[in-house]
Structures are given as structure tokens and as C-alpha cells.
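Generate coordinates for the entire structure from the input sequences, incorporating the hints supplied.
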Amino acid sequence: MEKYTKSRAVLLAAGVLLAAASSIASSAHAQGFTDVTASPTGLNERFLRNGTFIPINNLQRVSEGSGRLTQQDVTSLLGSPNDPSSTERGNNWLYNVNLPLQGDDYLVCQYRVSFSQQVVMSSDWRRPQCSRLFAELSQPQSLSFSADLLFGFDSYAISAQGRRELQQATQEATARLRTPSILVTGHTDRIGSAEYNMRLSQQRAQAVADALVQGGVSPQHINYVGRGENEPLVSCQNISGAALKECLAPNRRVEILLQESI
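Residue numbers for the sequence shown follow the working numbering, so the first one is 1289 and each next one is one higher.
One should not assume that every hint holds.
The calculated label-pair distances, taken between Cβ atoms and stated as ranges, are [stated by the list, open to error]:
1) Q1348 - G1480: 16 to 26 Å
2) S1523 - Y1484: 12 to 22 Å
3) R1478 - G1355: 23 to 33 Å
4) F1441 - V1522: 54 to 64 Å
In silico DMTMM-like links for lysine to aspartate or glutamate, alpha-carbon gap of 25 Å or less [unchecked claim]:
5) K1533 - E1460
6) K1533 - E1543
7) K1533 - E1519
8) K1533 - E1453
9) K1533 - D1442
10) K1533 - D1436
Derived from the structure by calculation, the hints contain no laboratory data.
For clarity, every value in this text was computed on a predicted model and none was experimentally measured.
The C-beta atom is built at its ideal place from N, Cα and C for all residues, glycine as well.
This is how it looks when you write it as C-alpha cells:
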């Protein structure tokens, strides 16, 4: 049983169980999970699924760890199974996981890790909506801003227009993230010395990170780095002067990578 907010948990539990059979019964779910039904008079705390927040990156590592990760590895990443029906002595470990929605809302999902000879063989989510939400949270969002829009020529001071563009875009992108992990990367073109370009890219990345903090993002969620001229998008061979500067414009950019970290 999943819930969308803590405040709706009791109503959701009641809605599901009122439609259940009058006697307690267990049945095998289509994907191998066990369903339990009960009459309203049979309700107790074990029918209310309370989850915990687990870092998305840790869940990803387990999901990608079939044939490699051991039970000890899974315990290090996820902790011990927290579903009352599951123990570390079995081959199927069940976790009740809170997956973030917008704001303070979250979806409580059951996650199963299956072992053979103490090595992970598979992992899956009980409900398809949980699988879809996890896939969405696992996919980083990438934003790219033209340095020519954000900064003046040869400068790392963000323009007023650039600041507005940054804040609007990042507010929209972080609306679905409960605890965002943000990486700001600065890039330059190849005009000038490599040392100068590296320094300028670092200064611009820091300026954008500072602007995000001023816009309300916690500094503990932000990292920044400069790549200088080392990761170009275009090469622009056999061009010089103003035409070269214009051609290289896509290389002058700041990229922001956002991902759910909890």
C-alpha cells in the first residue's frame, strides 16, 4: 500500500481495507509480492506502511548490482530490511522507501532485493508507479546557459538578465527535488591561454553557484568546477577573427546538473 503524504496515510489505508475481504488472508501478488487483506476491525499498525528516505544513488547502486553485490554491500547501502514481514535471514529483503514528490509530499513504496547464495540476483518495485518515479528521480536534469547571456565579455560578473534566467530555470527544475544535488560546470572557448581559460571557467562556475545560493538553494547541495576549453561542443577550424568568436559561442557556457540526492 502506497501513500502520497503522511496526512493521507490513514485515509488511504482505510479506503483500501474497507474494500477488502472480511477475514484476513494472504495471496501471492502477480510479481511475487504477498498481498494481505483484512476487515476494518482487524486493523493494526502493521497494515500502515511507513517508509524511510534512502539516498537515490544508493538505490541505483543496488539496482545495478545484480550478480556483484553481497548482502553486506546491500546492508551498507540500504540498511537492514525495514518491512515487518522481512528479515535478513531470508533471500528476499523488503524495504519501505519514501520517494519524493513535490514539496513535502512523498510516495511510500515497497522495494524488494532478492539474493541467491548471499549475492544480489534482482531487485524490483512492488508498484509500477514506484518504478516510474524511481526512474524519473534517477535521471539527472541538465541545464545549459550561454556564457554570453550570463556574463559580459571577459567577465565573471553575472548580468541582471542572466541572474533572472538562472533563478527561473533552476526553480522550475528543483521543484520536484526534495534534496537536490547540483553540479555547476563552467566552460570557455579556446581563445586565449589555456591557463587563463581554466581560471575564467572556474570563476564563472563559482559565480553561478553563488547566485543559486542567493536564490535560496542551500550551499551544501552545490558543487562547482571549471573545465576551461577542454570540453568543446564545436571546433570551428579554418576561421579567424570575429567569425571565429561567433562560431565558438556554443563552447562558452555554464552547465548545471541536478539530481535527487536523498
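So, going through the hints one by one against the coordinates:
1. Q1348 - G1480: 16 to 26 Å: With a Cβ separation near 39 Å, Q1348 and G1480 fall outside 16 to 26 Å, so the hint is violated.
2. S1523 - Y1484: 12 to 22 Å: For Y1484 against S1523, whose Cβ atoms are near 20 Å apart, the range 12 to 22 Å holds.
3. R1478 - G1355: 23 to 33 Å: violated (44 Å)
4. F1441 - V1522: 54 to 64 Å: Violated, at about 19 Å.
5. K1533 - E1460: The hint is violated at about 32 Å.
6. K1533 - E1543: Holds, at roughly 20 Å.
7. K1533 - E1519: holds (17 Å)
8. K1533 - E1453: Within the cut-off at roughly 23 Å; holds.
9. K1533 - D1442: Judged against 25 Å, a Cα distance of about 12 Å means the pair holds.
10. K1533 - D1436: holds (11 Å)
Checked against the numbered hints given earlier, this structure breaks hints 1, 3, 4 and 5; the rest are met.
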